[in-house]
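Model the full structure from these sequences, guided by the hints.
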Amino acid sequence: MEKDKILSLKGLSKHFGGIKVIEHVSLDVTAGERVGLIGPNGAGKSTLFNMIAGDLEPSGGTIHYYGDRINSMPNYKRTQKGIVRTFQKNNLMMGLTVRENILLVLQRINQKHTQWWKQATPGNYQLLFEHAGSLLHEWGLEEYSQTKVKDLSYGVQRQIEMIMAIAGNPKLLLLDEPTAGMSQVETDQIISLINKLPVEVTIMMIEHDVDVLFGNTDRVIVLHAGTLIADGSPEQVRENPEVKEIYMGKEVIANA
Amino acid sequence: INTTTKEKDKDTKTNTEEKGTIKIGALLPTSGVYASLGENLLNGMKLYFEQQNWEVAGKKIEIVQEDDESDPQVGLRKLRKLTDQDQINILTGTVSTAVAYAIRDEVDKRKLPYINSHAGGNDLTRAKRSDYIWRSSFSSWQIGHSMGEWAYKNIGKKIYVTAADYAFGHEVAEAFKAAYTAAGGKVVEEVYPPLGNNDYSSYLAKMNRDDIDGIYAFYAGSDAVRFVQQYNQYGLKGKIPLIGSGWLTAEDVRPQQGMSPDGITASIFWDYSISTPENKAFIKAYEKKYNSRPSIESAEGYDAAMIIAETIKKLNGDISDSAKVVDAMSSIKITSPRGPISFDKETHNVIQNLYIVKTSVVNGKTENKVIDTIEQVVDPGK
Amino acid sequence: MRNLPVKGPLLFLIMVFVPFFLSIFYVNLLTEIFILGVFALSLNILVGQTGMVSLGHAAFFGAGAYAAGLAAIHVSTNTFLSIAAGLLAAFLLAVIIGLFSTKANGFYFLMLTLACSQIVYSIIYQWRTVTGGSNGLTGIAPIDLGANIVLSNQVWVYYFILVVFTIVLFLINRFLHSPLGSVLIGIRENEERMKSIGYNTALYKNISFIIAGTLGGLSGSLYVIFNGFISPAEVYWTASGSVLIMVLIGGAGTLWGPVIGAAFIVILETLISSYMENWMMIIGAVFIIFVIFAPDGMVGIFNALKKFFVQPKKLEVDADEPIIKPIKQETKMDG
Amino acid sequence: MLSLKDVHSYYGASHILQGVNLEVKKGSAAVLLGRNGMGKTTAIHSIIGFVTKKEGEISFEGENVINLKSHQIARKGIGIVPQGRRIFTNLSVKENLTVFANQEQGGWDLEKVYKLFPRLKEREKSHAGNLSGGEQSMLSIGRALMRNPKILLLDEPTEGLSPLMVGEVMEVIVKLKEAGMSMLLVEQNIATALSIADDVYIINKGRIVYHDRPEELKKNMDIAYHHLAIS
Amino acid sequence: MSTLLLQLINGFSYGFLLFIITCGITIVFGILGVLNLAHGSFYLLGSYLGYSLIMKAGLPFWAALAAVPLIIAVLGYMLETIILRPTYKLGHLSQVLLTFGLAYIFHDLFAILWGKNMLVVDPPPALNMSIQLAGYSVPAYRIALIVIGLAIAIFLWFFQEKTKWGAVIRAGLSDKEMAAGLGVNIHLVFTFVFVLGSLFAGVGGVIGSPILGAFPGMEFQILILSLVVLVVGGLGSVSGTLIASLLVGFVETFSRYLVPELSLIITFALMAVVLVVRPQGLIGRRV
Ligand SMILES: Nc1ncnc2c1ncn2[C@@H]1O[C@H](COP(=O)(O)OP(=O)(O)OP(=O)(O)O)[C@@H](O)[C@H]1O
Ligand SMILES: Nc1ncnc2c1ncn2[C@@H]1O[C@H](COP(=O)(O)OP(=O)(O)OP(=O)(O)O)[C@@H](O)[C@H]1O
Ligand SMILES: [Mg+2]
Ligand SMILES: [Mg+2]
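Protein chains in written order, with our numbering: chain A, 49 to 304; chain B, 11 to 392; chain C, 59 to 393; chain D, 1079 to 1309; chain E, -3 to 283.
For the record, the hints were derived by calculation from the structure and aren't laboratory data. Treat the numbers as computed from the prediction; the structure is a model and nothing was measured. Be aware that a few hints might be false.
What the hints assert, rightly or not - Calculated pairs, SDA-like style, for lysine to any residue (alpha carbon to alpha carbon, straight line, at most 20 Å):
no. : chain 1 : residue 1 : chain 2 : residue 2
1   : A       : K196      : D       : V1129
2   : B       : K69       : B       : K119
3   : B       : K249      : E       : L129
4   : A       : K196      : A       : P170
Put into structure tokens, the structure is as follows:
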């Protein structure tokens, strides 16, 4: 059924000059799936996300979203249609406060962003401010509400990235290494919040923390040098010798 | 360096409180593109009043100078300051025509007697004429027109016209063209480089042609320096005669032009070389006081001051009624360094001689010499 | 900003009574400050709010002024008609220039706006038959509000412009921190990210440009009404530079900053240049002092003073009590 | 080798480090653990001089360097792999490695770094800004090694690296240590950290709340979990 | 045909003159990221000093050409260390304002020291003549400009592309703090670059003065011209600036010849077209 297929990539490629970063990747994702994406550094994972989110235009192949070809749809339109992403490298409105960052997402979702005749105060936009407050409460970050993002530690900034993505009503959520730079507690917290998302939200997640990844996905895809080399259940992929060889290494990381 | 106008004025103010003072507002640029012109105008005025001991018809004279920066907006702002704050009795000045036009309505509304001492825009004494505005300097038309017939007779029948691309340049060029073609000449081509242009090489390449008898050029200040120098460097000098307005070879640009101006002919209403007693006396006094030669603008300032003084004298120092001031001014006839001048009662523009001056090398320096006089030129007023 | 409902009307009242106490010279100066204040406010929408530093804003001032002036001369002396003509001209120009200049960023945007405004300048400068060329457009009739009410008295002009200024300030106050306004601020902070959270930033940048340009045109038409003339000098890039400086010195991105900046520059220029010839030197030195000692502009100084005098206790507490900022652990431990 | 005594650091008015005491012995690896926002990076930045408002004593080889400028501190032989990698995006990969290199006291050179990270050699001519996240991490480590420092400050160096790469980097760190290099390592993964540490510090709200040898900590992981708020 | 040749030479010499004038601002902006709005003032100071030394003190032209840039470089050194340095942490806009303030101060200083009239410097005697080319005379000094400009271009290109300095400076631009953390005294580097930029402003001032002269307000003309070249070239690469200078030189020269009515807008129109087509300038690099 076309309908369940939220995302469908066919023969997708990306070349930078002579460098072939993604080559003929084909992939279908069903609505509600939780997909993990792994691969060695420089395999092309983030590039793949960039193309799905519209930050890069593919060199070849097609991207279909709910059956529509979106190859050259600009990124903001895709976000409006529910493709929401986080960035591997923190990418926020650094000079604004945490709450202002989140409000920018919420006001668009609630179609308030074209109003110009009222100041954005808690009095005028009670619902938005309450929503922002509850999100921050949920993440235990209320005390940062009025702090400028640039004054936050790296890890907390990454959490703000996550909040903004989740606040954006995603249908397809693309998470690029959500737990990188997070301490153990914050990692656990992020995972539990991801798991709390409604089941119909589709999630694709790049993650180098294999415990997190294998423990919280129902399908894992492996990219290597721009091509798809494995696609299956976490168990299958984990046992795949090729994946072990190119990705896991000697597994120094024991389960702590 | 312009020594502190303001301090001087304050001095005069303190010693003269009891006698009654006439305040003359001088709206002149001391910064911006026309700063040096404003400075020379002011110097000329100060020289004259100093010769009168800063006193005319029993009244003390005080000059209140404001810098209009040659910017109309600033000019209007400063005019308001002069009238509202300083309560001036008579206004003079403005180098820039745009400033003169900008303040025209305000002057008219306030019935403030205004002797324009430089801005040459034709309309000031034509369509924008006001009962209270009189011009002692010149109109663009007078400058351009005076050369037309002379050029046809003495230079040739075909000419190339070039002028800086601004209203003044166009007005002068138009007046010249009208007079020249009326005399029978033919304007072969015209070109108007932007004001403040820094390289004339390609324009000069256009002018370097065999089918013309001369080039008529209107440039002033730095444009004149560059144009005349490059005219020489690109080998046009000695091949095609150059004529123009007096600013092309004025006292204050010639030193920078080297030997390049040698042979240029220009028309102007005052020149260093006019050999009347009035001019000689003026030059002597000016050189003594400022240790430099007067420029055209210095003479303009001197004349404006003289006209103001004559007007005050006629009214015995009572200048409270603007209408009377204007009336007194209209019938003034004096012989100034530039020769006999009077006002056209119809247009309020000055009636004056225009001189054809030629530049040549004397003792290793260039000097101008009056070679012809066009007597008593009257602006047609439309 | 919260106490504006009190402070604003009070300030307005004071301004209403000003002409009774000040000489006409100062009333005129204030009028000019309001006009340039509107101009600076309009540029602030671009520079302070959207983060697009323009060096060509005088083009809109000029478009508004020339259109209003030409309408007054050739069509009707009705002031509202003149202003409408000015707004329309500036709006159209902003649409055209905005269309391609908003594609460029940072310094390139600055230079592109400079280029466009210089082109506008030279059109005005060279189209002598219509605009009067370097001599400008003069002889524009005084304010005529229709129904035979002609405001030839400068005090009435003052009131008229005060009212317009107040309305503009009120609207901008609403706009600055409204949802739409915060989209523009977001673009200033990180345009790429704003795209990723679903904003068509190109569109919003254009909107910002058009609002700023049209308001700039409004100030231009007010200028013509006030002065009765307009000349190309007001459209030259130096005019764009000087309004930019008003915004920066006053405090970019704040409500009052641009207005204070405009007042500061106008007063400084008028007063200093009357007392000394080398006034540019003084202004230059003032800039330098500002940049080094008050980088957030005049409003920044006010805020710092306010902080210093109003809440000295709180600051001391901050310094004494070594509370590290992140205290999120408490919330954590609860759960 | 490097010791911090009662170091206080500030960002403007906020007092971040509140009396940190910490020591890295010659040829050993000290690991700094702590939750997000507790001051790990601030500690590293205080040592290298990125934070300028600070008090106390930071002595390196017996000399107090707290008042020196960053470049002076770095020239004393302190290398840094900062958080967020901070490679020079407008330089090529090779330039990133060579421009700041310090070859005087041997050890690491371009060849060796390329051998450690073959990926970098493949991307040698690329704009560093175009590298993938993990490649940037490699570059940042390589850049620090090229300076041949006496001590390395590593702020979450393995962030964004694949497990394979993490393993290799850890191996290198162990080898470096064996070769006599001292280092201060900030790490989120406790297991990884403990596997190479000689000393473990836990920082909480700008204060060192725990310090011991890893063997001791391993015996009683509850303490660590308590300080790190892991339930 | 021969007019075409003449115009070609004019275009070249004007283009190289532009390059000599603008390379200083390019260095400072392209490498340091500081938009030095006082560049025009440094240039003009070079011209004025050149005037004083050559026309008043009677020094030979070439001696002045050596001395003046050094004086300006020292001035640049003082300004950078005293005024500019505290503003680096404040961002680019502050430096723009600050250098603009400097330009204002210089403007009045010049008027006090050198008056308000235009001053012109004579070219060196050896070049003070015209050469006959294809039936036209061309000033020898204009030809010399081509040679001097070329020499400067080669020197700068070598400096920026072939020495480690260029990369160090670019690194400092992208992350000053990190560069310092890797042992580079970035302040020293910045000072050096600013001094170098000032030096070239002085060179431009002396070389340009026989053609352009010196008068109050000229610094702003030079500044705008420099900015145009800077942007058309693509912010800060030496090769970009050279190409842009020549392009602007040619377009101006030929447009004056072919469509003189448009000469007022032609440079700006050129810049607008370049930016609309290539928003990064000709040899673009993101800043
Ligand atoms: N704009 C670009 N120009 C040239 N090469 C690029 C560009 N963007 C990415 N690459 C190259 O493409 C490859 C894939 O990059 P990508 O960021 O997709 O990797 P990744 O799988 O996300 O790796 P990591 O796990 O390290 O984040 C890298 O080798 C990178 O150098
Ligand atoms: N530039 C700054 N201005 C003000 N406060 C800051 C600044 N940088 C960091 N802080 C604050 O200092 C505290 C310590 O930050 P630091 O970056 O040292 O934490 P960290 O332990 O490295 O955290 P993470 O694991 O997230 O990297 C945080 O509360 C942070 O909000
Ligand atoms: Mg990646
Ligand atoms: Mg950190």
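Right, here's what the structure says about each hint:
| no. | hint | result |
| --- | --- | --- |
| 1 | A/K196 x D/V1129 | holds, 18 Å |
| 2 | B/K69 x B/K119 | violated, 26 Å |
| 3 | B/K249 x E/L129 | holds, 16 Å |
| 4 | A/K196 x A/P170 | holds, 18 Å |
In summary, the structure is inconsistent with hint 2 from the numbered list given earlier, while agreeing with all the others.
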